[in-house]
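Q: Residue strings, one per chain:
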Amino acid sequence: MIWRLALLCLLLATPLRAGEEVVAGLSQARVSITTDFEGSEILVFGAVKRSAPAPIEPPLHVIITVTGPTLPVTVREKDRRFGIWVNADAAEIDAAPSFYAISTTAPLTEILSETEDLRRHISINRAIRAVDTGVAKGSPERFTEALIRIRKEDGLYQIREGSVALTEDTLFRAGIALPANLTEGDYTTRIFLTRGREVIDAYETRIGVSKVGLERWIYNLAHQRPLIYGLLSLAIAIAAGWGASAAFRVMRG
Amino acid sequence: MQIYLPIAEVSVNAFLLLGLGGIVGILSGMFGVGGGFLITPLLFFMGIPPAVAVATGANQIVASSISGLMAHLRRKTVDLRMGVVLLAGGLVGAAAGVAAFNALKQLGQVDLLVQLCYVLFLGVIGWLMMVESLIALRRSRRQGAAPKRKQRGWVHALPLKVKFRSSGLYISVIPPLLVGAAVGVLAAVMGVGGGFIMVPAMIYVLGMPTKVVVGTSLFQIIFVTGFTTLLHATTNYSVDMALAVLLIVGGVIGAQFGTRIGVKLKAEQLRILLALLVLAVCGKLALDLLLEPSELFSLAAPAGGQK
Numbered sequence: 006m007i008w009r010l011a012l013l014c015l016l017l018a019t020p021l022r023a024g025e026e027v028v029a030g031l032s033q034a035r036v037s038i039t040t041d042f043e044g045s046e047i048l049v050f051g052a053v054k055r056s057a058p059a060p061i062e063p064p065l066h067v068i069i070t071v072t073g074p075t076l077p078v079t080v081r082e083k084d085r086r087f088g089i090w091v092n093a094d095a096a097e098i099d100a101a102p103s104f105y106a107i108s109t110t111a112p113l114t115e116i117l118s119e120t121e122d123l124r125r126h127i128s129i130n131r132a133i134r135a136v137d138t139g140v141a142k143g144s145p146e147r148f149t150e151a152l153i154r155i156r157k158e159d160g161l162y163q164i165r166e167g168s169v170a171l172t173e174d175t176l177f178r179a180g181i182a183l184p185a186n187l188t189e190g191d192y193t194t195r196i197f198l199t200r201g202r203e204v205i206d207a208y209e210t211r212i213g214v215s216k217v218g219l220e221r222w223i224y225n226l227a228h229q230r231p232l233i234y235g236l237l238s239l240a241i242a243i244a245a246g247w248g249a250s251a252a253f254r255v256m257r258g
Numbered sequence: 003m004q005i006y007l008p009i010a011e012v013s014v015n016a017f018l019l020l021g022l023g024g025i026v027g028i029l030s031g032m033f034g035v036g037g038g039f040l041i042t043p044l045l046f047f048m049g050i051p052p053a054v055a056v057a058t059g060a061n062q063i064v065a066s067s068i069s070g071l072m073a074h075l076r077r078k079t080v081d082l083r084m085g086v087v088l089l090a091g092g093l094v095g096a097a098a099g100v101a102a103f104n105a106l107k108q109l110g111q112v113d114l115l116v117q118l119c120y121v122l123f124l125g126v127i128g129w130l131m132m133v134e135s136l137i138a139l140r141r142s143r144r145q146g147a148a149p150k151r152k153q154r155g156w157v158h159a160l161p162l163k164v165k166f167r168s169s170g171l172y173i174s175v176i177p178p179l180l181v182g183a184a185v186g187v188l189a190a191v192m193g194v195g196g197g198f199i200m201v202p203a204m205i206y207v208l209g210m211p212t213k214v215v216v217g218t219s220l221f222q223i224i225f226v227t228g229f230t231t232l233l234h235a236t237t238n239y240s241v242d243m244a245l246a247v248l249l250i251v252g253g254v255i256g257a258q259f260g261t262r263i264g265v266k267l268k269a270e271q272l273r274i275l276l277a278l279l280v281l282a283v284c285g286k287l288a289l290d291l292l293l294e295p296s297e298l299f300s301l302a303a304p305a306g307g308q309k
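Chains as they are written, first to last, in the working numbering: chain A, 6 to 258; chain B, 3 to 309.
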């Protein structure tokens with residue numbers, strides 16, 4: 006939260022070079038998780054608004070990031086002790102986004118400087134905050150790398166360089182695939198315009214991801230009336246067991 | 003058909019869950035085990051978070067056990083008096099087990115403890131049942147009749163004797179109480195109903211006839227897992243109703259078929275099959291501990307977090 010505020014301050018303080026501004030929209034501002042939710046594709050589109058003709062050099066690039074709710078994570082490492090594999094070392098990552106997608110018009114390192122990345126937390130490594138991991142030995146980086154690797158395999162972290170289509174240096178669009186295993190919350194969508202590896206303008210908006218209908222009802226009941234929910238679960242179990250038993254007896258005559 | 007589970011927050015194939023419930027239901031009906039020792043690891047494998055898998059597994063066991071119990075009650079193969087005694091011990095044991103589990107959680111090695119418990123208990127019990135059943139099977143083939151049950155000296159020497167008519171036993175209530183309590187502790191620590199430990203304990207320690215063992219253990223399991231479900235629902239909010247319903251639908255149907263298959267098989271054959279199953283699960287878990295995993299790292303919500 007704090008770094009988001011810091012980011013906002015930075016955005017306000019950034020001088021607009023060449024008077025280029027980003028105007029953007031999303032195909033949907035809400036994602037509803039229903040019972041048959043199988044993931045969703047969000048189309049991010051927009052245009053560059055100019056007060057003066059566009060400079061030829063350096064070329065314009067677009068970076069789009071979508072960040073899910075940020076939560077602390079424990080990463081455990083297995084090691085061989087007494088002949089068996091057990092959890093040996095662990096690292097506490099202070100804050101890691103539950104979902105993170107980056108789409109760009111070109112390889113990230115070519116269009117974004119290290120300083121800008123550090124300032125705006127754009128690459129996955131920078132989006133994860135691991136200050137005091139409590140790792141006793143070895144390099145703490147291996148835990149962050151493992152976190153990124155595992156989430157990439159689950160489709161939760163995506164780097165798709167070159168997937169933003171930029172037309173005439175003005176119109177851009179990109180599709181972001183949200184997987185089915187989403188966490189509820191606000192998904193921050195950021196769009197950066199860069200020239201010469203410097204960010205010249207940024208835009209931020211949110212996509213609300215929430216459960217609806219039956220999903221919402223079950224979730225609320227489980228958290229607000231846990232005893233009733235537990236008893237209801239048991240009642241369903243007992244009724245189903247009893248019912249099946251009776252039904253089978255009838256079927257056998 | 004994919005379905006999104008509201009508490010587990012993952013999307014899984016509904017038919018896969020129905021099938022999983024069905025298989026576990028068949029086993030539950032055949033052997034009188036709740037199937038928790040199978041369903042919990044299988045749910046992990048499908049990507050369900052462990053806390054949700056354990057809690058929802060307990061809820062599913064209630065359903066499949068009721069279905070099995072009804073079938074056994076009609077055939078009068080349940081020793082209700084013995085069941086109540088076992089249950090009394092079981093609830094005390096389960097409460098103690100939950101306390102022990104939370105204490106170990108603080109130390110941070112609860113996963114390993116649970117895994118080692120599984121390997122140790124499944125291995126020892128599976129092996130004992132296997133050897134005993136093979137001997138019994140060979141003997142019954144040679145003589146054409148079942149051997150006489152051995153007399154158990156120390157069990158008969160204890161005070162507070164009670165007549166258990168359905169089991170044909172006249173023994174002290176202390177051994178069943180202890181068996182119930184021990185199973186309760188293990189059930190809470192390992193997150194299972196405990197049938198796979200109780201069934202052999204009833205046969206070998208209490209000397210109950212195999213016919214009533216299955217029904218009686220189902221009776222005890224229902225109450226212990228029901229208690230566990232409520233505990234998980236109120237403290238961890240980790241019971242997933244949608245997941246439970248799918249597993250239950252598959253499970254109750256499977257249990258009916260399982261009971262029917264169980265009646266057709268001989269007691270010794272039933273025990274050999276259960277022994278093989280127990281040893282297979284044990285072997286799988288032991289390999290996980292012994293072989294180098296392909297991914298050395300694992301992610302978890304931090305201790306004391308909201309999930």
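It is possible that part of the hints are untrue.
As the list claims (entries may be wrong) - Counterexamples of contact, computed for chain B against chain A with all Cβ distances above 10 Å:
(1) GLY228
(2) ILE263
(3) PHE299
Unchecked claim - Partial pick of chain A residues on the chain B-facing surface, computed with a CB cut under 8 Å:
(4) VAL78
(5) PHE87
(6) TRP90
(7) ILE155
(8) SER168
(9) TYR224
(10) LEU239
Think of the hints as simulated: they come from the structure by calculation, not from any bench.
Cβ atoms here follow ideal geometry from the backbone N, Cα and C, with glycine treated the same way.
Q: Confirm or reject each hint.
A: Verification of the hints:
1. GLY228: The claim is violated: GLY228(B) sits with its nearest Cβ about 5 Å from chain A, within 10 Å.
2. ILE263: Fine: 13 Å to the nearest Cβ keeps ILE263(B) off the interface.
3. PHE299: Answer for PHE299(B): violated, closest chain A Cβ roughly 3 Å.
4. VAL78: This interface hint holds because 6 Å falls under the 8 Å limit.
5. PHE87: violated, 10 Å
6. TRP90: holds, 6 Å
7. ILE155: holds, 6 Å
8. SER168: Violated, about 24 Å.
9. TYR224: holds, 5 Å
10. LEU239: holds, 5 Å
In summary, the structure is inconsistent with hints 1, 3, 5 and 8 from the numbered list given earlier, while agreeing with the others.
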